[in-house]
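K.L.:
Sequence:
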Amino acid sequence: MAVYAAHLTRTLQGTPSVFQVTAQEALGGTVKPALRKLVEYIASTYPRNCGWSEKWYDELYLLFDCCLQYHYLKHYAASFSECFYGLMRVPLSTSNEFSSGTRLPENLEKGSLALLVLLPYIRDKVEKLINQWREDNEDGRLEKSKSDRARKAAVHLYSIVHLTCEASKLVVLARYLTTSSRSPSLPLTLLGLTLTNAPPPEPEENTWTDLARNLLKGHFGSAVVTFPMVWGAMAGAVEWGAFLVQFLRWWETRPGLAVDSLPMPPPPTIDEKGTRYANKCPVCLQPWKVPTVLPVSGYIFCYTCISRHLRSTNQCPVTRLPANERSLVRLYLDV
Numbered sequence: 537m538a539v540y541a542a543h544l545t546r547t548l549q550g551t552p553s554v555f556q557v558t559a560q561e562a563l564g565g566t567v568k569p570a571l572r573k574l575v576e577y578i579a580s581t582y583p584r585n586c587g588w589s590e591k592w593y594d595e596l597y598l599l600f601d602c603c604l605q606y607h608y609l610k611h612y613a614a615s616f617s618e619c620f621y622g623l624m625r626v627p628l629s630t631s632n633e634f635s636s637g638t639r640l641p642e643n644l645e646k647g648s649l650a651l652l653v654l655l656p657y658i659r660d661k662v663e664k665l666i667n668q669w670r671e672d673n674e675d676g677r678l679e680k681s682k683s684d685r686a687r688k689a690a691v692h693l694y695s696i697v698h699l700t701c702e703a704s705k706l707v708v709l710a711r712y713l714t715t716s717s718r719s720p721s722l723p724l725t726l727l728g729l730t731l732t733n734a735p736p737p738e739p740e741e742n743t744w745t746d747l748a749r750n751l752l753k754g755h756f757g758s759a760v761v762t763f764p765m766v767w768g769a770m771a772g773a774v775e776w777g778a779f780l781v782q783f784l785r786w787w788e789t790r791p792g793l794a795v796d797s798l799p800m801p802p803p804p805t806i807d808e809k810g811t812r813y814a815n816k817c818p819v820c821l822q823p824w825k826v827p828t829v830l831p832v833s834g835y836i837f838c839y840t841c842i843s844r845h846l847r848s849t850n851q852c853p854v855t856r857l858p859a860n861e862r863s864l865v866r867l868y869l870d871v
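Numbering (my numbering) for the sequence shown: 537 to 871.
Please keep in mind that the hints were generated in silico from the structure rather than gathered at the bench. Any given hint could be a false lead.
To be verified - Below, computed lysine-lysine pairings styled on DSSO-like, alpha-carbon distance capped at 27 Å:
1. Lys646 to Lys682
2. Lys664 to Lys705
3. Lys568 to Lys646
4. Lys573 to Lys591
5. Lys573 to Lys661
6. Lys591 to Lys610
7. Lys664 to Lys680
8. Lys825 to Lys591
9. Lys682 to Lys664
10. Lys610 to Lys646
11. Lys661 to Lys646
12. Lys568 to Lys664
13. Lys661 to Lys705
14. Lys680 to Lys573
15. Lys664 to Lys591
16. Lys680 to Lys568
17. Lys568 to Lys682
18. Lys646 to Lys705
19. Lys591 to Lys661
20. Lys661 to Lys688
21. Lys664 to Lys573
22. Lys568 to Lys610
23. Lys682 to Lys705
24. Lys825 to Lys688
25. Lys661 to Lys682
Stated by the list, open to error - Ranges of calculated distance between the beta carbons of each label pair, as one might list FRET restraints:
26. Phe555 to Val707: 32 to 40 Å
27. Thr715 to Glu674: 39 to 47 Å
28. Tyr606 to Val826: 26 to 34 Å
29. Glu679 to Ala562: 37 to 45 Å
30. Leu751 to Glu663: 48 to 56 Å
31. Leu726 to Glu674: 32 to 40 Å
32. Pro735 to Cys603: 23 to 31 Å
The beta-carbon is built from N, C-alpha and C at its ideal position, and this holds for glycine as well.
Could you put together the complete structure from these sequences and hints?
P.N.:
What follows is the structure in C-alpha cells.
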C-alpha cells in the first residue's frame, strides 16, 4: 500500500513547467564556477599549502559532485538542483516504479549519476582540449603533419557533434512543451525518466524552531540537536548559497546605464606603458592581428592573445583590472 500511495502521490503532483526545468538546469551549471572562484582565492591566499587545489580542481569537483548527487539521488530521487526546485525523477515505465517504491531502480540511479557527474567532467576536459587546438589553428601553429591534420579534423568534428547535441536538446524541449514527450531533457530521455513535482516532506520530530522554543521557555532537557537537524541546515545552506551565486551572476550580467547618460570622462594621459605598447599588442609585443580593445583599461591587443589571457586570468594583462571576454570590442583599423 505504501508503494501504491507513493505512485499516486507522484502522479497527482502534475507535470513541471518548462520554467522549472530550465531554472534547475541553470542552477546546476552555477555550482562549479562558483566553487572554482573560491578555490582560486584559497590557492592564491595559501599557495604553499593549497596551491595544488587549483591545478586539480576538476578532479576535486568530480569527487564532490559525485558525493552530492549520489546523496540526493539516493534520498530524494533527484539531482541537487532538481531537489532545490521541488522536483524528482520518475521512471516512465510504471513497472520499475512499483518495484522500487520512492527510490529509483538501481540501474537508473547509476545511469543518472553517470550522466550527472561523469559526462560533464569528460565534456569539460574535451572542450578544454578542443579550444586549445582551435587557438593553435587560428594562430597557424597547426601545420600539415598527420597529427596536426587529425587535430583540425577533431575540431571540426566536435563542432558538428556539439551542434547536433544542442539541436537535439532543443527538439526534446519543444516536444516536452507541446506534450509530445514526457521527458524534458535529452539525458532523461536516454534513461527513460521524467520529472514530476516531489511530494511534501514528512514533518520532522525535532526542528530548530522547537530548539529555540525550548531554550526560551527554559526547558533545557528537551532542547536537543539531532543529526538530521544539522544535515538539513547544511543542505539548506548549500542550496541557498547556490541560488545566491546564480542571482549574483545575473546581477553582474544585467545591462548597466546607457552610455549617453554618463558624463564625458577626461582624456587619459599617456603614461610609460602606453608609450611602450604603442601600435603593438602588450601580450605578444607584435603588431596587432585582429585588433581588439579591452574597455576596462583601453589597451589594444590581438584578439587571440587577449581572449586566451582573459579565459585563464580574468584580468587585464597590463593594469591587472578585473575583466572578462564578453567586454572585448573589435576594432577595424588600417594597421
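K.L.:
Each hint needs a verdict: does it hold in this structure or not?
P.N.:
Results for each hint:
Taking the CA atoms of Lys646 and Lys682, the gap is about 39 Å. The hint is violated against a cut of 27 Å. For a cut-off of 27 Å, the pair hint linking Lys664 to Lys705 stands: about 22 Å separates their Cα positions. Between Lys568 and Lys646 the alpha-carbon distance is near 21 Å, which keeps this suggested pair within the 27 Å criterion. The straight-line distance between the Cα atoms of Lys573 and Lys591 is roughly 13 Å, inside the 27 Å bound, and the hint therefore holds.
A distance of roughly 18 Å separates the Cα atoms of Lys573 and Lys661; the hinted pair therefore holds under the 27 Å criterion. Between the alpha carbons of Lys591 and Lys610 the distance comes to roughly 31 Å, so the proposed pair goes past 27 Å and is violated. For the hint linking Lys664 to Lys680, the alpha-carbon distance of about 22 Å falls within 27 Å, and the restraint holds. With a C-alpha separation of about 31 Å, the suggested pairing of Lys825 with Lys591 is violated against the 27 Å cut-off.
Taken as a hint, the Lys682 and Lys664 pair is honoured in the structure, with Cα atoms around 21 Å apart against an allowance of 27 Å. Taking the CA atoms of Lys610 and Lys646, the gap is about 10 Å. The hint holds against a cut of 27 Å. With a C-alpha separation of about 22 Å, the suggested pair Lys661 and Lys646 falls inside the 27 Å cut-off, and the hint holds. Proposed proximity of Lys568 and Lys664 is supported: the alpha carbons are some 15 Å apart, at most 27 Å.
With a C-alpha separation of about 21 Å, the suggested pairing of Lys661 with Lys705 holds against the 27 Å cut-off. Under the criterion of a C-alpha separation no larger than 27 Å, the hint pairing Lys680 with Lys573 is inconsistent with the structure, at around 39 Å. Between the alpha carbons of Lys664 and Lys591 the distance comes to roughly 14 Å, so the proposed pair stays at or under 27 Å and holds. Simply put, Lys680 and Lys568 have alpha-carbon atoms about 38 Å apart, too far for the 27 Å limit, and the pair is violated.
Of the pairs offered as hints, the one joining Lys568 and Lys682 is violated, with about 36 Å between alpha carbons and a cut-off of 27 Å exceeded. At most 27 Å may separate the alpha-carbon atoms for a hinted pair to count; Lys646 and Lys705 meet this at roughly 22 Å. Taking the CA atoms of Lys591 and Lys661, the gap is near 13 Å; set against the 27 Å cutoff, the hint holds. With a C-alpha separation of about 17 Å, the suggested pair Lys661 and Lys688 falls inside the 27 Å cut-off, and the hint holds.
Using a Cα cut-off of 27 Å, the hinted pair Lys664 and Lys573 holds, with the two alpha carbons roughly 18 Å apart. The straight-line distance between the Cα atoms of Lys568 and Lys610 is roughly 21 Å, inside the 27 Å bound, and the hint therefore holds. About 34 Å separates the Cα atoms of Lys682 and Lys705, which puts this hinted pair outside 27 Å; it is violated. The hinted pair formed by Lys825 and Lys688 meets the criterion: a straight-line CA distance of about 21 Å does not exceed 27 Å.
Note on Lys661 and Lys682: the hinted pairing holds, with a Cα-Cα distance of about 23 Å set against a maximum of 27 Å. Look at Phe555 against Val707: about 19 Å separates their beta carbons, and that is not inside 32 to 40 Å. Separation of Thr715 from Glu674 is about 44 Å and conforms to the stated range, judged on CB atoms against 39 to 47 Å. The supplied range of 26 to 34 Å is broken by Tyr606 and Val826, whose beta-carbon atoms lie about 46 Å from each other.
Take Glu679 and Ala562: their Cβ atoms lie about 41 Å apart, and the range 37 to 45 Å holds. Judged by the Cβ atoms, the range 48 to 56 Å given for Leu751 and Glu663 holds: they are separated by roughly 52 Å. As the Cβ distance of Leu726 to Glu674 is approximately 34 Å, the hint placing it in 32 to 40 Å holds. Checked against the hint of 23 to 31 Å, the pair Pro735 and Cys603 passes, with Cβ atoms roughly 25 Å apart.
The earlier numbered hints that this structure contradicts are 1, 6, 8, 14, 16, 17, 23, 26 and 28.
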